[in-house]
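Residue numbers (the UniProt record's numbering), protein chains in the order written: chain C, 1 to 363; chain P, 1 to 363; chain D, 1 to 363; chain E, 1 to 363.
Worth flagging that the hints you see were computed from the coordinates, not collected in a lab. One or more of the hints may lead you astray.
Stated by the list, open to error - Derived Cβ-Cβ restraints for the label pairs, each shown as a range:
#	chain 1	residue 1	chain 2	residue 2	range
1	E	311	C	301	23 to 33 Å
2	P	171	E	218	52 to 62 Å
3	E	226	D	2	51 to 61 Å
4	E	113	D	282	40 to 50 Å
5	P	305	E	189	36 to 46 Å
6	E	171	P	111	48 to 58 Å
7	E	172	P	187	48 to 58 Å
8	C	275	P	180	52 to 62 Å
9	C	301	E	272	45 to 55 Å
10	C	301	D	69	52 to 62 Å
Here the structure is a predicted model, which means the values were calculated and not measured. Note that CB positions come from ideal geometry on N, CA and C, so glycine has one too.
There are 4 protein chains.
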Amino acid sequence: MKQYPTAKATRLTMKHPGDLSALDQEIIEGRIKSADIVAIIGKTEGNGGVNDFTRGYFTQSLMLLLSKYLDATIEELAEKIPCVLSGGTEGVLSPHYVVLTRSQTEIPPASGDKALALGVAMTRPIEAWEIGTETHWKLTLEAVKRAMEDAQISNPDDVSFVQLKCPCFTVAAAKQAVAAGKSLCSGDPNRAMALSRVAGAWGVALALGELSEDQLSAEAMLSDYSLFSNRASVSSGVEVSAVEVIVLGNSPDWSGHYQIDATSMVDALDLDAVLKLRETSKAQTSEVCGVLVKCEPDRRGQVRGFRHTMLDDTDINAQRHIRGALGGLVASVFGDGRIFVSGGAEHQGPDGGGLVAVITKRP
Amino acid sequence: MKQYPTAKATRLTMKHPGDLSALDQEIIEGRIKSADIVAIIGKTEGNGGVNDFTRGYFTQSLMLLLSKYLDATIEELAEKIPCVLSGGTEGVLSPHYVVLTRSQTEIPPASGDKALALGVAMTRPIEAWEIGTETHWKLTLEAVKRAMEDAQISNPDDVSFVQLKCPCFTVAAAKQAVAAGKSLCSGDPNRAMALSRVAGAWGVALALGELSEDQLSAEAMLSDYSLFSNRASVSSGVEVSAVEVIVLGNSPDWSGHYQIDATSMVDALDLDAVLKLRETSKAQTSEVCGVLVKCEPDRRGQVRGFRHTMLDDTDINAQRHIRGALGGLVASVFGDGRIFVSGGAEHQGPDGGGLVAVITKRP
Amino acid sequence: MKQYPTAKATRLTMKHPGDLSALDQEIIEGRIKSADIVAIIGKTEGNGGVNDFTRGYFTQSLMLLLSKYLDATIEELAEKIPCVLSGGTEGVLSPHYVVLTRSQTEIPPASGDKALALGVAMTRPIEAWEIGTETHWKLTLEAVKRAMEDAQISNPDDVSFVQLKCPCFTVAAAKQAVAAGKSLCSGDPNRAMALSRVAGAWGVALALGELSEDQLSAEAMLSDYSLFSNRASVSSGVEVSAVEVIVLGNSPDWSGHYQIDATSMVDALDLDAVLKLRETSKAQTSEVCGVLVKCEPDRRGQVRGFRHTMLDDTDINAQRHIRGALGGLVASVFGDGRIFVSGGAEHQGPDGGGLVAVITKRP
Amino acid sequence: MKQYPTAKATRLTMKHPGDLSALDQEIIEGRIKSADIVAIIGKTEGNGGVNDFTRGYFTQSLMLLLSKYLDATIEELAEKIPCVLSGGTEGVLSPHYVVLTRSQTEIPPASGDKALALGVAMTRPIEAWEIGTETHWKLTLEAVKRAMEDAQISNPDDVSFVQLKCPCFTVAAAKQAVAAGKSLCSGDPNRAMALSRVAGAWGVALALGELSEDQLSAEAMLSDYSLFSNRASVSSGVEVSAVEVIVLGNSPDWSGHYQIDATSMVDALDLDAVLKLRETSKAQTSEVCGVLVKCEPDRRGQVRGFRHTMLDDTDINAQRHIRGALGGLVASVFGDGRIFVSGGAEHQGPDGGGLVAVITKRP
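Just chain C, with the same shape it has in the complex (with noise of 0.2 Å):
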């Protein structure tokens, strides 16, 4: 019989970081199969910084657990299941994490109508003298459409969001191609980071049509921010050593009762892009299945004309400021605690402004 990709997202809470109780249960109760988990993206309570080590306690905790179900090491698994942490439940943040799986349905997609789809794919091993280069973002433009096709989108309208890990050269690395006498995209590891991540938005909007290449060019990082894609949310770590890419949107070709629906947000205060959304994605009726959200504390240093003081802290980093704040926004839209809220957006979405996207599954 003939059979249909069908995709579903499970939101489920933890009690600390090393907490994968919900989702033990999940299998056990046989509502998630481990073999058919493609992703996950949560947040845990740490700082969200340099020194979260939330993440990797999550992350060591899940594949823990995982390999209890999967005949694989918890190694092996790390590098298969992308797991998307941002750290950092400010205000009214709740621990939580969101399980995508994708499975097979005899039940074929309704006429006319398009469910939520979703598709992995990697780059080949970026170098560190690579980094946060034109080399990065058109192996990145590769390696959206590739996902895409994973996903069977066609059309650049129908994705939504893309999550995007991006490699980042530890010091070591960075001392070895100094000395083989390449030249690095920054000497600041700081900055490096943010290159890597602007290379990582410029290829999803390359793929999305966002922007055509002769708009790019390496003086325009992290200076011009008219340059930026509305899809992209881009974190980057030396914990990866390719681009791994997550492609979220809605397809004909799928079935099920899941949608992703995903709007941007001019700039910290805007209820109305968020209310819209809610408008829109039917949030009120149907059952909300992930809230994620891309953020960033304005450069400009001010909001609508006034000055607020996240970028001058010494006491609190100015994006735990930002994810309290548009947390607080778009939590009390859906009436729940439990959204992704992640900073680091530079070229993601308009300066001072933002990415949102909501999953939700009609009753």
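Take the given structure of chain C and dock chains P, D and E to it, following the hints.
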């Protein structure tokens, strides 16, 4: 010719906690008369805790400015003009202050209309052993009634927001009291400060008929959170020895274009309450001259059934968390980061919820 | 052939809280036998507070490693091998851990000499209503005595350092106990944790003859700070249900080149005490294998007559302040940042002072 | 009768950053003449970062006090009397300030002896495009020489400590400069502040013969850390437009019982250097009137071969970490928490090390 009282609220920005240049400009250009200033309510960019000195710095700078115009020393002015400051401009919040002035006008109140009215009063000094006790709330009750008279508000329903500053004993005063055989409400200074706020809130609740005396007891303080005022906003500190009261409401006997509206939020996600307040107050078509919020992280560790992490965070104080989240919500509704958001809201609004008041000027 | 007990302390570094590669290397290269590991005491780079998950992450990673070598699950190992961690490597402190092992040797103890000896013991589970009470300190007293026997130390003067992990009730257990008509030592979880540490410290003091039972009372807890142990280092948490005891001292019946020396500091500036300990322990000519410090910000708000600001800082937790300061002092004396510094030292050493122990290996 | 210059250092405590009552008392009781005050160096209890307003609050309060005694406005006094403040009293550090006064005496200097001498000078205003450049260090060199003349110190070896305040451009000034076709030392304000400190430090090193002009270049700034001054302590900020110089040393031409001694620490654990300084300065038998420390977290991420975590901590600023650790060490040596410890020590002492100076009064 007959004169009528009229009140005005002017919202000004600061570049740093010692910057009063905006108020100086208002005075120089004649829009504010220094002698008309009744009270100031503001938000400075400190941490809002015991070691937040931005409040003292702003107050000193304010009184230094006013002493240039009024025939009084800095110390005399500090005793005369209540300056209520909340430290901490988390997230999108913007440092600012609202100058409340009161003057006389020949224009009579519009018939059938009510305008912004304000009154102030003060209790006698509260002794160390009276703080946080029945005496404290009874004296507050009387002072609120006198402030209502001062504001010419006879109907308690016309009171929208009562801001109090309550005294707290120093370690030295506590020692003296104990040596004199007196017992204190608590030996723990933080608990004593909280009990002082509760006694203040209950004084307001009694004056406005929200609670009756037989409901109140020392045992119910910080324990039965159903006993709250919906219109009290209380801070406490060692810098005052009496309870200072500012009553804000609307009165048929006052003239002018300003009005105040208020509501309470059932929890930290209660967007609907704030949207309704925006509607009621016609904030979208009027000029907003001040927004006042009081809030508290939910003591039960959850918001709408999901765990929050505010109370267990060793890195960021819980009050900073909730101010950032509520600030993000309320600022997005009014499209402006200049929101006064203050924590420490025990028995001021429902547990885990908050109070919001907005002062508008009709076009 | 006759066998004699012998103890060893190995100090290892970590790259992050999930990195146990240094221990793995020791095991692979045969310097440490996994079956000999009795306990681990370490310092991870978290914040040391309730929301410090680096301790859980390290413990999980440690047990995951040991489960590769020993025929036991992660859970079984976690119950068997005490892993005492203090989060927070403020200032010059360096993340590290000391692995304590115990084995048998044919080499008899040198006559007239004492060598490092260690013993462990555990009380029966402490019920929620027993925590922080006389029962708690009496059970601890017995357990310390058993741990001393295990260490073959009969003279209490030969005990240098007693590390305890004391239980604390969860909110759920507290509710159950109250429902069953039991009363708890305190309704405030933070105070209950502190009382649990005091009861533990007093159990040690009784076992070592530092205090006698008639001196102790519930009233004196967290009140009469002259009642302290000079050799107890206590942590408390919900992760244990019984009191876990590790006794470290020197015994004439043990063989080996290791020894432990200890002292107490009268206040946070007591450099002389630490310099003398360096002298006594011959730390400058021996290999230092572990330095253990317990300390607390002075509750009276002063150090040697001058105000400190640790207790009133809303930005940085007081325990982080004192660990950074004491860490700077002790690390400078031993010329090494790998110092275990733990706060929460109520009734463990003089108020505002601390304990320091050093394990050395003679050349 | 012949008059000789004499200097005095008085160390005073504060209850909070707005409390100058101790200085007021000194003036009232005649121990300090307000007109003799040359400079003030102090430590306030802020966070030491951009948003530390305790420095501005203290300065305003100081000038407010002095304006009561001297015929000058607050603004005039602020331009005339350098007030160098470092925010952040981490760990055992105690808020305090050292008042440096200069007067004339009829008592001639003891033959063969040197006494504390101090001199001040100022460069012309430094233009935005000159900050952090060769012009900046050349102008500083000249100003240090003038301050040495003012202090009557001809031998550079007699200079112990040179405190500078260097200007930094505001965003507005930067824009203007760029619009006028000028190029700035850096577009990044934090880097520009650091470069300003380096240029200042190099000006001192040139004046004292520690470095020669041909060793210096723009490329070596923040890169070749072997090019440092052992006696410069530099802060930078937008509140000054010229370089302010305070030279502290010992001169055979000055009279009095005060002296200053200084040393450098090779790293953050260099207890020996501080113990030797205590010896040299006879601090244990004299009255200590001020201890001045400059330090920096080691950029290489290690102290004596072991990893520190200061540079990667999102919760606590790296400068707060190192101040707490060095403060703990130095305060323990002098038995007093009133130590001025300032970070931001680029090219001021060896990388990862620091400078320490102590002012004593012979009995």
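Hint by hint, here is what the structure shows:
no., hint, verdict
1, 311(E) <-> 301(C): 23 to 33 Å, "holds, 25 Å"
2, 171(P) <-> 218(E): 52 to 62 Å, "holds, 55 Å"
3, 226(E) <-> 2(D): 51 to 61 Å, "holds, 60 Å"
4, 113(E) <-> 282(D): 40 to 50 Å, "holds, 42 Å"
5, 305(P) <-> 189(E): 36 to 46 Å, "holds, 45 Å"
6, 171(E) <-> 111(P): 48 to 58 Å, "holds, 53 Å"
7, 172(E) <-> 187(P): 48 to 58 Å, "holds, 52 Å"
8, 275(C) <-> 180(P): 52 to 62 Å, "holds, 60 Å"
9, 301(C) <-> 272(E): 45 to 55 Å, "holds, 46 Å"
10, 301(C) <-> 69(D): 52 to 62 Å, "holds, 55 Å"
Checked against the numbered hints given earlier, the structure satisfies every one of them.
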